[in-house]
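Visitor: Given chain W, put chain S in place with the hints provided.
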Amino acid sequence: MKLPNISATPVSRRVFAMGAFSAVTAVALSACGADNKPATSSPKPSDLAAGGASTITMWVDAERAPALKDIAAKFKAETGIEVKLVVKDFSAVRDDFITQVPTGKGPDLIVGPHDWVGKFVQNGVIAPVELGDKATAFTATSIRAMTYDGATYGVPYSVENIALLRNKALLPAAVTTFDEVVAAGKGVVDAGKAQYAFLVGLDPKQGDPYHLYPLQTSMGSAVFGTDAQGEYDPKQLVIGGPEGIAFAKKLVEWGDTGSKVLNSNITGDIAKEEFKNGKSPYYLTGPWNVPDLQAAGIDLAIDPLPTAGDHKAQPFVGVNGFFISAKSANALATTSFVTNYLTTEDAQDSMFTTGGRPPALIASFKKAAKDPIVEAFGKIGEDGVPMPAIPEMDAVWNDWGATELDLIKGKAAPETAWPKMADSIKSKIVA
Amino acid sequence: MTLAPQTTDDAAVATSPAPSQLKRRPRQFKHHGPDSLKGILVKIVLLGLVDAFAVYVMMMLFMAQSWVVLAIAAAVTVLINWIYLRKGGLPAKYLAPGVFFLVVFQVFVVLYSGYIAFTNYGDGHNSTKEDAISAIQIMAQTRVPDSPAYQTSVLDQNGELFLLFTSPEGVVTMGSATEPMSTVTDAVTDGSGKAISVPGYDTLNFNQIIAQQDAILDIAVPVSDDPAQGSLRTPDGTTSFAFKPSMTYDAATDTFTDVETGATYTDNGEGAFAAADGSQLSTGWKINVGFDNFVRAFTDPTLRAPLLSVMLWTFTFSIASVILTFALGLFLAITFNRDDLRGKKVYRVLMILPYAFPAFLSGLVWSGILNPQFGWLNQTLLGGAEIGWLTDPVLAKISVLVVNLWLGFPYMFLVCTGALQSLPTELDEAARVDGAGPFRVFRSIKLPLLLVSIAPLLIASFAFNFNNFNVIYMLTGGGPRFEDTTRNIGSTDILITLVYKVAFGQGTGRDYGLASALAIIIFIIVATVSAISFKQTKALEEVNR
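Line order of the protein sequences matches chains W and S. Under numbering that gives the first Met the number 0, think of the first position of the first sequence as 0, with each following residue one higher. Under numbering that gives the first Met the number 0, think of the first position of the second sequence as 0, with each following residue one higher.
The shape of chain W in the complex, shown without the other chains (with noise of 0.2 angstroms):
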């Protein structure tokens, strides 16, 4: 469970005031803050860099912080500014802007995906940045996540969602429905080659709605409806759908009741550990997973995600990028920076090389594709949708979790449990 963790909850420990205190400490303290804050006189342009005075301060993870060296250190070396790059924890680090922003002790910039842009925007943290003509450089569906409320709020570097992985060795052709997955699944299991006929990583205690959004997509169901600028719209949650109970019922038929094929004892670890060891055909799950599955020496095809209704599966879309304070005492170079450096074809080449993560940049990505992998995960994206990222999918993902949950585990019955799920979460919403 990736993804869905950014969205929803984080687990961490920082419990109530503690986030707001750390920043209020950060004021009483100051002595290590003030480091971070530029001097708020204009120096003389020719001692710009040997003051100090220029210095854009980025926030990242430690997973990525080496992807972007080389390009901070191209910009430093052509205009004299330092990209100072500061690892945060990654469940943290997106509450930590928020709080520190408005303090003035926040970073220029920030790295993370997408979908904590609407966060962001509520809380009035982050500039939106104008890419003019370099936005048709990138993925129309990576420009699209960073959009928000009309305007681009950040610039794309990565793309990234899930896929139907397939174990060659125990089933060497590709099949396109879901029935036909878990019916290709069965025959290797029957023949004692395998134990399980599909594999996805549930989590016990809240399901997974992430890894099965493209099984629920394929039948027509999506959360939320998009307005005529095709962003999400609050306003128009359609889960509650007639579509919805059709794949809740679905859930059912898949789950203890049922076939078994979605065992929600089986957690993210155990389903790819179980994969790993050749136990099951079929994995559903993401890029993420794949080097450590290579290195097990698993050889792999990336198959279409299987539908299970007459639509496109269709997976959330994850894009990371890049965004700006809204009050950084350094904008302009900072969008510099942003826009004329981190859009180029080499910082985005020397980010996927590094981090592995697919680029967004068409011409990048065209690269990085000649190997099958990226390129196969890349085309399923190219049906994805992007994560929603409005505020108000926070109030999704509890209740839509723990339904599914109920109905794989078949404690609930479709019909009720999932219009009452429905109903929850547009209660939540309107609140």
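These are computed hints drawn from the structure, not numbers from a lab. For glycine and all other residues, C-beta sits at the position ideal for the given N, C-alpha and C. There may be inaccurate statements among the hints.
As the list claims (entries may be wrong) - Stretch-level coverage of chain S by chain W, calculated; a stretch enters the list once three of its residues show a Cβ under 8 angstroms from a Cβ in chain W:
1. 114 to 128
2. 141 to 150
3. 211 to 222
Unchecked claim - Just a few of them, taken from the derived set where beta-carbon distance is under 8 angstroms, the chain W residues facing chain S:
4. 53
5. 54
6. 97
7. 122
8. 129
9. 135
10. 150
11. 245
12. 325
13. 329
14. 330
15. 331
16. 339
17. 343
18. 390
19. 401
Guide: Just chain S now, kept in the frame of chain W:
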């Protein structure tokens, strides 16, 4: 060997808790003469370091223009120097560092939470009104659809900044914050056709642009007399776009007006701009809301229903945890306290291991062990039984208690071992001589003496378990969820996890205000229970004297 009463008295005093010793120590020091040279030197060096640090902090505060904090820092520095430089006042010298950190890390946090509880601080109400207005204005700047991008150079004439635009067709124009757009004919262009300089003006290089970035970002040159075509601005110093605000702010009436629809948004008194139809601008600001958060905590219908069962379980969980961990810890402490036991040290180290792991890690590990199908417990110990240790409401409660027992007994084992070893063996012997059996010795002599020193720790343990977020959150996440509520609240939720979920995991955002209010309510409960218990402990102490 007979036992004179005064011997027991002495023994009891010797093992009596630390406070009396603490009280005594300063008095002993008072009898010392003037400080030794070495002492003075150490004092000067340490105080010098503290003062140096304080001066550094104050300089930083001065630069950051945080006057209030600066004044407080200065006052504290003066106070610290006065405490350590004056003659006498020894207790203050001992207490000052502790009090200082207590104020910074505890009192301040509590007061700040108290303050937050009376605001609507949270998502959408993140900062001041000024910040919200400027954020809305920044976000309202949208590029005019289908407008071209202009290559841009920044020029300077006698301190006034000009932007030099080259349109995609090669038309060169310029303008400044005050001068409207005008066509330039004598501009010098570079190889790509971009105009880079105009005679009579200095072209700024990138570093010069950065040095004046705020001024440059503020320049907006209207494209034409038609406001619909927007104004040219350069976000990066090399390219300009025509921007036009989708919202305009009128400071006089304190309203935002949507340029397209004409709808006006006014301050709705709840920290947001709202239109007549109730729709709000997404960015709001923090305001004081009085007792609203407390009222909500008690009146929210989706909260009230599960609150009682959560409250009951919180008390059950914390009291049962204290009793179970204490019972097991004490039992093991007595067992391993036997003189004739071999390998005692090894056992003791093993016993303490669970205490050495971070609680949230253990929680996750246990959650794996208790997985109904793949968990080690069901698979290996129970031969493949599918028992829902964490998914059945009753079993989940038992599991949580058992895991917390596993996590908590080493602490009790440690403190009981310590306390047991400080009990004089003479007591034990004397009682035996008087004919008491081992159980009688334990019940009538050891346990009461132990309780004197351990009872406060039991109360602390109660307070800790009352707020034992890690175990619950990592093990069950509060689940399995109650069927009859729309909130994500479950059978093993204790108050603190409920607060966390209500404030952060639900609705459409984090709500620090409500969270602080609920935290204060919890604080009041814990404080009341602790105060009553401490009174009881005092009675215990009196009995023993």
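Visitor: Compare the structure with each hint and give your call.
Guide: Hint-by-hint comparison with the structure:
1. 114 to 128: holds (count 7)
2. 141 to 150: holds (count 3)
3. 211 to 222: holds (count 5)
4. 53: Hint on residue 53/W: holds, closest Cβ of chain S at ~5 angstroms, below 8 angstroms.
5. 54: Violated: closest Cβ of chain S sits about 11 angstroms from residue 54/W, beyond 8 angstroms.
6. 97: holds, 6 angstroms
7. 122: Because about 4 angstroms separates residue 122/W from the closest Cβ in chain S, which is inside the 8 angstroms limit, the hint holds.
8. 129: With Cβ-Cβ at 5 angstroms, under 8 angstroms, it holds.
9. 135: Violated. Min distance 12 angstroms.
10. 150: holds, 6 angstroms
11. 245: Result: violated, 23 angstroms to nearest chain S Cβ.
12. 325: Nearest chain S Cβ about 5 angstroms off; hint holds.
13. 329: holds, 7 angstroms
14. 330: This interface hint holds because 6 angstroms falls under the 8 angstroms limit.
15. 331: holds, 4 angstroms
16. 339: holds, 6 angstroms
17. 343: violated, 14 angstroms
18. 390: holds, 5 angstroms
19. 401: holds, 5 angstroms
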